Amino acid sequence: MLSDYAPLLLLLALAAAFVVGNLVISEVLGRPKPGVGKKTVYECGMPIRGTARARFSVHYYLLALLFILFDVEAAFLLPWAAHAEELGKAGLVAMGGFAVVLVVGLLYVMRKKALEWDR
Amino acid sequence: MELLFFLLFAGLAIAGAVATVWMRYVVHSAFALMGTFLGVAGLYVLLGADFLAITQILIYVGGILVLILFGIMLTPPDRTERNAKRVIGFSASLVAIALFLAVQIGSVVRWAEKSNLEAPKATAAPIGRELLRPDGYLIPFELVSVVLLVALIGSVFIARRRKAVRVDDSSTAAILAERGTLQQKAGA
Chain A
1 MLSDYAPLLL
11 LLALAAAFVV
21 GNLVISEVLG
31 RPKPGVGKKT
41 VYECGMPIRG
51 TARARFSVHY
61 YLLALLFILF
71 DVEAAFLLPW
81 AAHAEELGKA
91 GLVAMGGFAV
101 VLVVGLLYVM
111 RKKALEWDR
Chain B
1 MELLFFLLFA
11 GLAIAGAVAT
21 VWMRYVVHSA
31 FALMGTFLGV
41 AGLYVLLGAD
51 FLAITQILIY
61 VGGILVLILF
71 GIMLTPPDRT
81 ERNAKRVIGF
91 SASLVAIALF
101 LAVQIGSVVR
111 WAEKSNLEAP
121 KATAAPIGRE
131 LLRPDGYLIP
141 FELVSVVLLV
151 ALIGSVFIAR
161 RRKAVRVDDS
171 STAAILAERG
181 TLQQKAGA
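As they're listed, the protein sequences go chains A and B.
Sequence positions in the first sequence follow our numbering and run 1 to 119.
Sequence positions in the second sequence follow our numbering and run 1 to 188.
Treat each hint with caution, since some may be false.
Stated by the list, open to error - Under 8 Å between C-beta atoms, here's a sample of chain A residues computed to sit facing chain B:
1) Leu14
2) Phe18
3) Val19
4) Asn22
5) Glu73
6) Ala82
7) Gly91
8) Phe98
9) Val101
Claimed, not checked - Anything over 10 Å on all C-beta distances counts as not near chain B; from chain A, calculated:
10) Val20
11) Leu23
12) Ile25
13) Ser26
14) Val28
15) Lys33
16) Pro34
17) Gly35
18) Val36
19) Ile48
20) Leu69
21) Gly97
If you are wondering where the hints come from, they were derived from the structure by calculation, not from laboratory data.
Values in this document were obtained by computation on a predicted structure and should not be read as measured data.
Where a beta carbon is used, it is the ideal one built from N, C-alpha and C, also for glycine.
Generate coordinates for the entire structure from the input sequences, incorporating the hints supplied.
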């Protein structure tokens, strides 16, 4: 059972090795000489004003909320997808009914122009 | 091997939780919370709850955390961010409560021997079978989509309601105009 997760573990290990490895290699081979200019967020372009901690438009929050709702839908798709062949047509119809209701919601959202960035 | 991974994931969860209360900046706390969520997801895997683990990553790491981050980004920045002393006192009290409960539970509950338990099986497929079976949980499952639809429409309705505010009042118009320029400045 747990050995089923070996590929996942391998993927995680490779990803971690890639990130850490690249940082270490650039540190070793690059022999960095940090200076004031090099330590800024952007080495070129405009000088930085203020901090990154500014207020963002409330519009992002609506997008995040919509994302979570469709995220939950994806979570419900998963147990069906893991067994789609055995569940067959009846399963497809049941899942279709589930999805159609949410497509109606998506159409409503698009109709309300909630996905458009107009202000 | 399993013990190693248990210690890894449990450590990740606890370290993330401690960092969440310890960090000076709220944004750092939110990112530390990701470690906790991932650690808990790993523990779910070790317990054989594969569906729960995927859901944990999908919804908590993918969704709830983004919501928390957006919530932080929407609030006005606080220069001092957080009173460190109060945080330490609060977390110390939490640790004390947790230790107390752990001792209490540990002395009362009689744990089953691991060798007597059967190995956990994959749960995603059985859950799907039960959810989509007409004499199973099909009706509640379909109702969930309606609940999601209600949440969808409700969130859009509430978030977009300000559009309906009429700006024929000159002072309101001035405030809105000022807010617009402020937002433009923030966006620039």
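### Enumerated hints in conflict with the structure, sorted upward
1, 2, 3, 4, 20 and 21
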